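Chemist: From first to last, the protein sequence lines stand for chains A and B. At the far end of the first sequence sits residue 499, using my numbering, and the numbering has no gaps. At the far end of the second sequence sits residue 312, using my numbering, and the numbering has no gaps.
In short, the hints are calculated from the structure, not lab data. As the structure is a computational prediction, the values presented were derived from the model and not from experiment. Mixed in with the good hints there might be a few duds.
What the hints assert, rightly or not - Chain A stretches covered by chain B per the calculated footprint, using a threshold of three residues with CB under 8 Å from any CB of chain B:
{"id": "1", "region": "244 to 250"}
{"id": "2", "region": "397 to 407"}
Stated by the list, open to error - Here are the simulated lysine-lysine pairs, DSS-like style, with alpha carbons at most 30 Å apart:
{"id": "3", "chain 1": "B", "residue 1": "Lys-77", "chain 2": "A", "residue 2": "Lys-392"}
{"id": "4", "chain 1": "A", "residue 1": "Lys-493", "chain 2": "A", "residue 2": "Lys-309"}
{"id": "5", "chain 1": "B", "residue 1": "Lys-159", "chain 2": "B", "residue 2": "Lys-127"}
{"id": "6", "chain 1": "A", "residue 1": "Lys-493", "chain 2": "B", "residue 2": "Lys-153"}
{"id": "7", "chain 1": "A", "residue 1": "Lys-309", "chain 2": "A", "residue 2": "Lys-392"}
{"id": "8", "chain 1": "B", "residue 1": "Lys-246", "chain 2": "B", "residue 2": "Lys-77"}
{"id": "9", "chain 1": "A", "residue 1": "Lys-392", "chain 2": "B", "residue 2": "Lys-299"}
{"id": "10", "chain 1": "B", "residue 1": "Lys-159", "chain 2": "B", "residue 2": "Lys-81"}
{"id": "11", "chain 1": "B", "residue 1": "Lys-159", "chain 2": "B", "residue 2": "Lys-136"}
{"id": "12", "chain 1": "B", "residue 1": "Lys-301", "chain 2": "B", "residue 2": "Lys-77"}
{"id": "13", "chain 1": "B", "residue 1": "Lys-301", "chain 2": "B", "residue 2": "Lys-81"}
{"id": "14", "chain 1": "A", "residue 1": "Lys-392", "chain 2": "B", "residue 2": "Lys-127"}
{"id": "15", "chain 1": "B", "residue 1": "Lys-81", "chain 2": "B", "residue 2": "Lys-136"}
{"id": "16", "chain 1": "B", "residue 1": "Lys-196", "chain 2": "B", "residue 2": "Lys-81"}
{"id": "17", "chain 1": "B", "residue 1": "Lys-127", "chain 2": "B", "residue 2": "Lys-299"}
{"id": "18", "chain 1": "B", "residue 1": "Lys-159", "chain 2": "A", "residue 2": "Lys-493"}
{"id": "19", "chain 1": "B", "residue 1": "Lys-196", "chain 2": "B", "residue 2": "Lys-153"}
{"id": "20", "chain 1": "B", "residue 1": "Lys-196", "chain 2": "B", "residue 2": "Lys-246"}
{"id": "21", "chain 1": "B", "residue 1": "Lys-77", "chain 2": "B", "residue 2": "Lys-178"}
{"id": "22", "chain 1": "A", "residue 1": "Lys-236", "chain 2": "A", "residue 2": "Lys-493"}
{"id": "23", "chain 1": "B", "residue 1": "Lys-127", "chain 2": "B", "residue 2": "Lys-57"}
{"id": "24", "chain 1": "B", "residue 1": "Lys-57", "chain 2": "A", "residue 2": "Lys-392"}
{"id": "25", "chain 1": "B", "residue 1": "Lys-178", "chain 2": "A", "residue 2": "Lys-303"}
{"id": "26", "chain 1": "B", "residue 1": "Lys-136", "chain 2": "B", "residue 2": "Lys-178"}
{"id": "27", "chain 1": "B", "residue 1": "Lys-136", "chain 2": "A", "residue 2": "Lys-303"}
{"id": "28", "chain 1": "A", "residue 1": "Lys-493", "chain 2": "B", "residue 2": "Lys-200"}
{"id": "29", "chain 1": "B", "residue 1": "Lys-136", "chain 2": "B", "residue 2": "Lys-200"}
{"id": "30", "chain 1": "A", "residue 1": "Lys-236", "chain 2": "A", "residue 2": "Lys-303"}
{"id": "31", "chain 1": "B", "residue 1": "Lys-57", "chain 2": "B", "residue 2": "Lys-77"}
{"id": "32", "chain 1": "B", "residue 1": "Lys-81", "chain 2": "B", "residue 2": "Lys-246"}
{"id": "33", "chain 1": "B", "residue 1": "Lys-153", "chain 2": "A", "residue 2": "Lys-392"}
{"id": "34", "chain 1": "B", "residue 1": "Lys-159", "chain 2": "B", "residue 2": "Lys-77"}
{"id": "35", "chain 1": "A", "residue 1": "Lys-392", "chain 2": "B", "residue 2": "Lys-136"}
Glycine included, each C-beta is placed from N, C-alpha and C at the ideal position.
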Amino acid sequence: MQSFLLLTLILLSVGGYYLGRNRAFAVAGGQIRHLHSLPSFYGSYTALWCGLPALIVFAVWAMLQPSVIIDLVVAGMPPELRNLPPDQLNLAINDLKNLVSGNIVSSTPDAAMLDAANRYRNLQLIGNASLWVVILTLAIASAAYAWRAISPTLRARNRVEQVVNLLLILSSTVAIFTTLGIVLSVLFESILFFRKVPITEFLFGTHWSPQTALRADQVGSSGAFGSVPLFAGTLLISGIAMVVAVPIGLMAALFLSEYATPKFRAFAKPALEILAGIPTVVYGFFAALTVAPLIREIGAAIGLHVASESALAAGLVMGIMIIPFVSSLSDDVINAVPQSMRDGSYALGATKSETITRVLLPAALPGIVGSILLAVSRAIGETMIVVMAAGLSANLTANPLEAVTTVTVQIVTLLTGDQEFDSPKTLAAFALGLMLFVVTLILNIIALHVVRKYREQYE
Amino acid sequence: MSTTTIEIKTALDATLHSDTDADKRSSVEVTDYNNRQTVGKITVDHPKMVCRNVNVYYGAKQALKNVGIDIGINEVIAFIGPSGCGKSTFLRCLNRMNDTIVACRVAGQIKLDEDDIYDKSIDVVQLRARIGMVFQKPNPFPKSIYENVAYGPRIHGMVNTKAELDELVRASLERAGLLKEVEKRMNEPGTSLSGGQQQRLCIARAVAVNPEVILMDEPCSALDPIATAKIEELIDELRENYTIVIVTHSMQQAARVSQRTAYFHLGDLIEVGETDQIFTNPKHKLTEDYITGRFG
Ligand SMILES: Nc1ncnc2c1ncn2[C@@H]1O[C@H](COP(=O)(O)OP(=O)(O)OP(=O)(O)O)[C@@H](O)[C@H]1O
Ligand SMILES: [Mg+2]
């Protein structure tokens, strides 16, 4: 019903576009150069006048209508219903809505409820009908106003561009406000958590065991929230990943930018970037089902004890996943080193490898560091691979052959399944998330800063 | 600057400004614009480099056609000609910098002393140590002034101790006339110098590996007149020890610094001769048109 109205509105606007454009032609006497703006701008101007005000009214109306109707219905209910305590009244209203939409109702409806439902339906019909009338009238009226206003001196382009400008600003703020909202809500929940668990225990405690006792006599649920083992595990796995990704990624970048023929590069660079497009869950089962058992078998063969979910397996696979980040960004910064640097070096009789190690790499170093930092923050935040391939036990160890757990894994386990939303256990997830966010934010800021500084170098 | 160059300059000015100088016009030997045979004497008594039948292609497009010329020991030779005629291309053939351009193909013979530089047995790295190059835009490495000059000697293992390297760096900067200005700031980045200083730094960098030939591709085109004068003076001094090939768009500059001049036109080497003869008494109509400003 309402989507149909929306469609009608769009059609009207399209019509408005053509009417406006034609009128522009007409008032210009067929001479476009007499117009302030191109005819299509007059069309857009009319279309915007037709669509926008109606759309805004439509949105406000659609938001208000349900509550207005409820209020009206409640006001018309018999006093014994109307004067129920608020929570029971809410229940009754829910019943009413279900009754109207034909869903299952909690109790058999009595006469008063049926009556109220009837009036609800009626009001809805009236509301929708008047919505149609109001919207269509408004759309046509404002379109007519715009259409009449079209004259060769009307600055249609400027007006349309203003609207477009506004649209762009709105779109950009969506992302900002979403981020802000997420950060604030995480911060808020974290504060709730730190009320129950001291922040010092969280930051410096070395024991992680988030099961809190539900009953005082429950055994085995100590509820310790020391996050150090989690961050240690994250660091260990990210460290292994970087040990894999940085050298391979860098060498791949060097090969691509300095040695590969243009033909090979045109094929290999996108191919490397596809690696970044593989869903991490695929890497995850690759890590859990192929790499981890393989490492354990190799370990067994040479007499080492390797946990079946070792940090090494998760780190290796994560490293593979990160290679394209390092290689693609590094390739870009190495390429950005001006050709004149290479020429200068070659002209002095330097070989390719001398040019790379003594001129290109030092010149590109800040950019490479930036790309590595971005890759690190990616590794720290990575979840799927570690959920599948790293363990759940919060070991505080530096041995890559043992099972460790990471911050992201713990967040997942804390929040999967049925949870109370005010237990420290659940809130701990928010605190962990906040910490993780802060760490990656700092890394990203440093990385961006370094990259920007590098950009200025050749300008 | 020597008195001869000043004379040449006066003569050049006369050429540039005289419209009715009929007897000079009559000295032109080749009046056919379509005759692209090189006129003038391409050989010299003591050649450092000998080029014969050099043809260069960028993909299918031919950039140089049958260029043949000698470059004498301890002379400054200037390449002039309209934009796109192949001066840079030819210059880059002389130290095989064209190798770095994938689409570029060079045919013909270019000899440095007795060695064919395009021969398989030639190591291009050693070749470029013998033939240095200075580019149009100063391109110091993003390193310190000291490191910029020390770069070449280091990669070629020319010195054994830090003291020797220090000495070599100072000597090279001195040769490039830059030592006084940078003595106190050897550890500052080379990019912090002014354009003219940067260009002299690049010359010092080239001189540091002790090349036999120095190629310069419009070395002054990014510089102001004072910096230009300094570099021209420098070229004059460097001539004692090096053979110098310079590409320039300024005919005054060619007249001031070079002993011989070669005029290129659309991939052809049109005329070669003593610099004062080229500027006062060109033998090819194309050369005359160019130096009198009727083409270019
Ligand atoms: N890398 C390249 N790829 C393809 N063609 C090229 C390349 N470099 C130069 N050319 C072509 O070769 C011809 C000669 O170029 P070259 O740079 O040698 O001219 P030039 O005489 O140095 O000109 P200018 O005085 O403008 O520097 C030009 O037509 C140019 O388009
Ligand atoms: Mg050039």
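Chemist: Confirm or reject each hint.
Modeler: Structure-based check of each hint:
{"no.": "1", "hint": "244 to 250", "result": "violated (count 0)"}
{"no.": "2", "hint": "397 to 407", "result": "holds (count 4)"}
{"no.": "3", "hint": "B/Lys-77 x A/Lys-392", "result": "28 Å, holds"}
{"no.": "4", "hint": "A/Lys-493 x A/Lys-309", "result": "26 Å, holds"}
{"no.": "5", "hint": "B/Lys-159 x B/Lys-127", "result": "34 Å, violated"}
{"no.": "6", "hint": "A/Lys-493 x B/Lys-153", "result": "23 Å, holds"}
{"no.": "7", "hint": "A/Lys-309 x A/Lys-392", "result": "21 Å, holds"}
{"no.": "8", "hint": "B/Lys-246 x B/Lys-77", "result": "38 Å, violated"}
{"no.": "9", "hint": "A/Lys-392 x B/Lys-299", "result": "45 Å, violated"}
{"no.": "10", "hint": "B/Lys-159 x B/Lys-81", "result": "40 Å, violated"}
{"no.": "11", "hint": "B/Lys-159 x B/Lys-136", "result": "34 Å, violated"}
{"no.": "12", "hint": "B/Lys-301 x B/Lys-77", "result": "26 Å, holds"}
{"no.": "13", "hint": "B/Lys-301 x B/Lys-81", "result": "19 Å, holds"}
{"no.": "14", "hint": "A/Lys-392 x B/Lys-127", "result": "24 Å, holds"}
{"no.": "15", "hint": "B/Lys-81 x B/Lys-136", "result": "23 Å, holds"}
{"no.": "16", "hint": "B/Lys-196 x B/Lys-81", "result": "45 Å, violated"}
{"no.": "17", "hint": "B/Lys-127 x B/Lys-299", "result": "27 Å, holds"}
{"no.": "18", "hint": "B/Lys-159 x A/Lys-493", "result": "16 Å, holds"}
{"no.": "19", "hint": "B/Lys-196 x B/Lys-153", "result": "23 Å, holds"}
{"no.": "20", "hint": "B/Lys-196 x B/Lys-246", "result": "14 Å, holds"}
{"no.": "21", "hint": "B/Lys-77 x B/Lys-178", "result": "49 Å, violated"}
{"no.": "22", "hint": "A/Lys-236 x A/Lys-493", "result": "43 Å, violated"}
{"no.": "23", "hint": "B/Lys-127 x B/Lys-57", "result": "18 Å, holds"}
{"no.": "24", "hint": "B/Lys-57 x A/Lys-392", "result": "39 Å, violated"}
{"no.": "25", "hint": "B/Lys-178 x A/Lys-303", "result": "44 Å, violated"}
{"no.": "26", "hint": "B/Lys-136 x B/Lys-178", "result": "35 Å, violated"}
{"no.": "27", "hint": "B/Lys-136 x A/Lys-303", "result": "26 Å, holds"}
{"no.": "28", "hint": "A/Lys-493 x B/Lys-200", "result": "27 Å, holds"}
{"no.": "29", "hint": "B/Lys-136 x B/Lys-200", "result": "45 Å, violated"}
{"no.": "30", "hint": "A/Lys-236 x A/Lys-303", "result": "61 Å, violated"}
{"no.": "31", "hint": "B/Lys-57 x B/Lys-77", "result": "28 Å, holds"}
{"no.": "32", "hint": "B/Lys-81 x B/Lys-246", "result": "35 Å, violated"}
{"no.": "33", "hint": "B/Lys-153 x A/Lys-392", "result": "22 Å, holds"}
{"no.": "34", "hint": "B/Lys-159 x B/Lys-77", "result": "38 Å, violated"}
{"no.": "35", "hint": "A/Lys-392 x B/Lys-136", "result": "18 Å, holds"}
When held up to the earlier numbered hints, the structure conflicts with 1, 5, 8, 9, 10, 11, 16, 21, 22, 24, 25, 26, 29, 30, 32, 34 and fits the remainder.
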